[in-house]
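**Student:** Residue numbers (the working numbering), protein chains in the order written: chain A, 1 to 309; chain B, 1 to 355.
Hints in this document: simulated from the structure, not taken from any laboratory. Heads up, some of the hints might be wrong.
Claimed, not checked - To spell it out: a stretch of chain B is covered by chain A in this simulated footprint if at least three of its residues, at any positions, have a beta carbon under 8 Å from a beta carbon of chain A; those stretches are:
1) 71 to 82
2) 86 to 93
3) 96 to 106
Stated by the list, open to error - Residues of chain B placed beyond 10 Å of chain A at every Cβ, according to the derived structure:
4) Gly64
5) Asp116
6) Asp194
7) Ala218
8) Asn237
9) Tyr242
10) Gln268
11) Thr273
12) Ala285
13) Gly301
14) Glu350
Stated by the list, open to error - One side of the interface only, derived from the structure: several residues of chain A facing chain B at Cβ under 8 Å:
15) Ala202
16) Glu205
17) Ala206
18) Glu208
19) Ile209
20) Asp210
21) Leu212
22) Pro213
23) Leu220
Computed from a predicted structure; not experimentally measured. Even glycine gets a Cβ: it sits at the ideal position worked out from N, Cα and C.
Listed below, chain by chain, are the residues.
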Amino acid sequence: MAALADTAALPPPRRRADSHRGLVFVLLAPVLAFFVVFNTIPLLWLLGLSFHSFSLTSGQPPEFVGFRNYVQLWMGRNNFWGDLQRTFTFVGVGVTIQTLLGVGLGLLFWGSRTMPGRRLALTLLFAPMVLTPVATGTFFRFIYDPNFGALNQILLGLGLPMVDFLGNPRTAFWAVLAVDCWMWTPFMILMTLAALGSVPRAELEAAEIDRLPFRKRFTLVILHHGKFILMLGILLRTIDSFKTLDLIIPMTKGGPGQQTRLVAVELNKQAFESFNMGFSSAYAVYLLLVSIAMTSIFIFVLNLRRRRG
Amino acid sequence: MVDIVLEGVTKRFGAQVAVDHLDTRFASGEVTCLLGPSGCGKTTLMRMIAGLETPSEGRILIGGRDVAGLPPRARDVGMVFQYPVMYPTLSVAENIEEPLRHDRRLSADERARRVDEMLDVLDMRALRDALIDELNTGLRQKVAVGRAVARHAEVVLFDEPTTNIEVDSKLQLIRAIKSVTSRLRQTIVYVTHDQTEAMTLADSIALMEAGRIVQQDAPRALYAAPRTRFAGWFLGNPGMNYLPVACRDGRVEADILSAPIPLPAGVQAGALTLGVRPEWITVGAGRAEGVVTDRVIGIGGRRLLTVRHGGETLRIKCAAAEAPPPGAPVRFSVPPDRVVLFDPEGRALEHGAPS
Numbered sequence: 001m002a003a004l005a006d007t008a009a010l011p012p013p014r015r016r017a018d019s020h021r022g023l024v025f026v027l028l029a030p031v032l033a034f035f036v037v038f039n040t041i042p043l044l045w046l047l048g049l050s051f052h053s054f055s056l057t058s059g060q061p062p063e064f065v066g067f068r069n070y071v072q073l074w075m076g077r078n079n080f081w082g083d084l085q086r087t088f089t090f091v092g093v094g095v096t097i098q099t100l101l102g103v104g105l106g107l108l109f110w111g112s113r114t115m116p117g118r119r120l121a122l123t124l125l126f127a128p129m130v131l132t133p134v135a136t137g138t139f140f141r142f143i144y145d146p147n148f149g150a151l152n153q154i155l156l157g158l159g160l161p162m163v164d165f166l167g168n169p170r171t172a173f174w175a176v177l178a179v180d181c182w183m184w185t186p187f188m189i190l191m192t193l194a195a196l197g198s199v200p201r202a203e204l205e206a207a208e209i210d211r212l213p214f215r216k217r218f219t220l221v222i223l224h225h226g227k228f229i230l231m232l233g234i235l236l237r238t239i240d241s242f243k244t245l246d247l248i249i250p251m252t253k254g255g256p257g258q259q260t261r262l263v264a265v266e267l268n269k270q271a272f273e274s275f276n277m278g279f280s281s282a283y284a285v286y287l288l289l290v291s292i293a294m295t296s297i298f299i300f301v302l303n304l305r306r307r308r309g
Numbered sequence: 001m002v003d004i005v006l007e008g009v010t011k012r013f014g015a016q017v018a019v020d021h022l023d024t025r026f027a028s029g030e031v032t033c034l035l036g037p038s039g040c041g042k043t044t045l046m047r048m049i050a051g052l053e054t055p056s057e058g059r060i061l062i063g064g065r066d067v068a069g070l071p072p073r074a075r076d077v078g079m080v081f082q083y084p085v086m087y088p089t090l091s092v093a094e095n096i097e098e099p100l101r102h103d104r105r106l107s108a109d110e111r112a113r114r115v116d117e118m119l120d121v122l123d124m125r126a127l128r129d130a131l132i133d134e135l136n137t138g139l140r141q142k143v144a145v146g147r148a149v150a151r152h153a154e155v156v157l158f159d160e161p162t163t164n165i166e167v168d169s170k171l172q173l174i175r176a177i178k179s180v181t182s183r184l185r186q187t188i189v190y191v192t193h194d195q196t197e198a199m200t201l202a203d204s205i206a207l208m209e210a211g212r213i214v215q216q217d218a219p220r221a222l223y224a225a226p227r228t229r230f231a232g233w234f235l236g237n238p239g240m241n242y243l244p245v246a247c248r249d250g251r252v253e254a255d256i257l258s259a260p261i262p263l264p265a266g267v268q269a270g271a272l273t274l275g276v277r278p279e280w281i282t283v284g285a286g287r288a289e290g291v292v293t294d295r296v297i298g299i300g301g302r303r304l305l306t307v308r309h310g311g312e313t314l315r316i317k318c319a320a321a322e323a324p325p326p327g328a329p330v331r332f333s334v335p336p337d338r339v340v341l342f343d344p345e346g347r348a349l350e351h352g353a354p355s
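Here chain A stands alone, though its shape is the one from the complex (with noise of 0.2 Å):
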């Protein structure tokens, strides 16, 4: 099986490459158009800007001042690295939570194959992940209101003290990455199902029959087949968590002071707010490299080798 899935793997033969070199370039065309219209330029642009003083408001031209943007940053202008410090904290804990609880639910779901209701329950529980954040996120301050919201009423109604959950800065951090827990987990969900979806049955099979405990047929047979899946789901998830803004600013637009302000909120607030378009523009440089820098991780995780006998 594993040879069979290498085989698929590989490209096609190349068949008679040299007289088809024109028509390659032509059927590329339209795509690399598009790639550099909108993507290698506005990139090149950004790069640009983000060696200028530049202000929207100031009605001035931009100015061009080398590294000054990157070197403030690095200076820790604006608390940078406390912002990325709490982004990374909330990528981490909360990429976790959403994987574990992904898969052990995943798990669940795929062993329920003959459950009733089976199909309305997984349609349930992806509507988090369907909605968008800016509404969740409004949904969820008032489920969150000290006053009359959902949550402060099952406290009060359990005798326990009402919390301020999104105003109180020991607890807004922890109840916005709930929130985005809330959200995402059914996307790991998917992924696992998709995963699960892609053990061959007879491995399953075998393993039963080979009275294997769980454990090891998740091991052995599950994530052997799986990890490629189930790892690309971690990476988007990664990537995606990185760059969370639409469900915080209808929460807490980054506050109580910074607790809840992630690299991204600060990003949109300097550039949107403040105007600061070269300073930003430094700012999304950095965010993109930090991008590809766990990305390349990610990357180098799945091509290792497994270990030689």
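Once you've looked at the hints, dock chain B against the given chain A.
**Tutor:** Coordinates of chain B only, in the frame set by chain A:
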């Protein structure tokens, strides 16, 4: 050692009946081959014995214990699949050892001893630490056989294990299966659609057609005395020749018969069919006359002739030296004690032919 008893076992997939009220017994310590064309229900039957399918009706008794509702892990079975199923991150020895690890009764020494024994029997000692990636499918399937057998399960099931193996590894694999099974004397059920394989491996063949076992016998007996027309046709390469015969004065006559056969007691004179295997016919003498067509196939020192005989086409196997050239007339006959008579429903009749 345990036997497997099936009582009224039925499996339906929707409206389709895959296995239809089977009652039979697979003897303990023997190799029983489930043989039949694709879609006859043999794999479904085996999967029910393994516990991978639940029968719609009936009981499956392994060593007297009804296991029909139990999951595979609660039955003591090993299984080899159509594709070599491996744990690809483990080495050859680790693959064989893995199922043993979860049996608390086995000490580490005992496990190591069994793995070594298995590698010896499979002739794979040199590949002990090889990774699965480095093996071809034939070798992988040998490892799978070792893994299924090493646990010393009471029942071992083989689901067409040679189907997806390259021809040159096939014989090796069959030899390995043979030596492993004869050494441990486990109760073995082996599914195949390859009659040569069944003839080589089986102590007993259960021939299946459309969800039923039509005949269960030792290979030679099944070959020599098929109980249905289907059995006569399915076994042998090519299968039996069938000729319509007439009954006159309480006797069955045909020009191919060297002597008439008395009609079996209690059988109505009617449209009977005479079945004869290609190699049972002798050429050179007899009342029957035919013409050799140009479809002649050489099999070693023998020839397979296609002979036109009236409106019928017969296949005859004979020594190359006796074979007439294409287009030539040929005389042939068959002794009455070799032929099988079938009634209009295709069931074999007992007949007291003079020998």
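**Student:** Does each hint hold? Answer for all of them.
**Tutor:** Tested hints:
no. : hint      : in the structure
1   : 71 to 82  : holds (count 8)
2   : 86 to 93  : holds (count 6)
3   : 96 to 106 : holds (count 4)
4   : Gly64     : holds, 21 Å
5   : Asp116    : holds, 17 Å
6   : Asp194    : holds, 20 Å
7   : Ala218    : holds, 29 Å
8   : Asn237    : holds, 30 Å
9   : Tyr242    : holds, 40 Å
10  : Gln268    : holds, 51 Å
11  : Thr273    : holds, 42 Å
12  : Ala285    : holds, 56 Å
13  : Gly301    : holds, 40 Å
14  : Glu350    : holds, 43 Å
15  : Ala202    : holds, 5 Å
16  : Glu205    : holds, 5 Å
17  : Ala206    : holds, 4 Å
18  : Glu208    : holds, 5 Å
19  : Ile209    : holds, 5 Å
20  : Asp210    : holds, 4 Å
21  : Leu212    : holds, 6 Å
22  : Pro213    : holds, 6 Å
23  : Leu220    : holds, 5 Å
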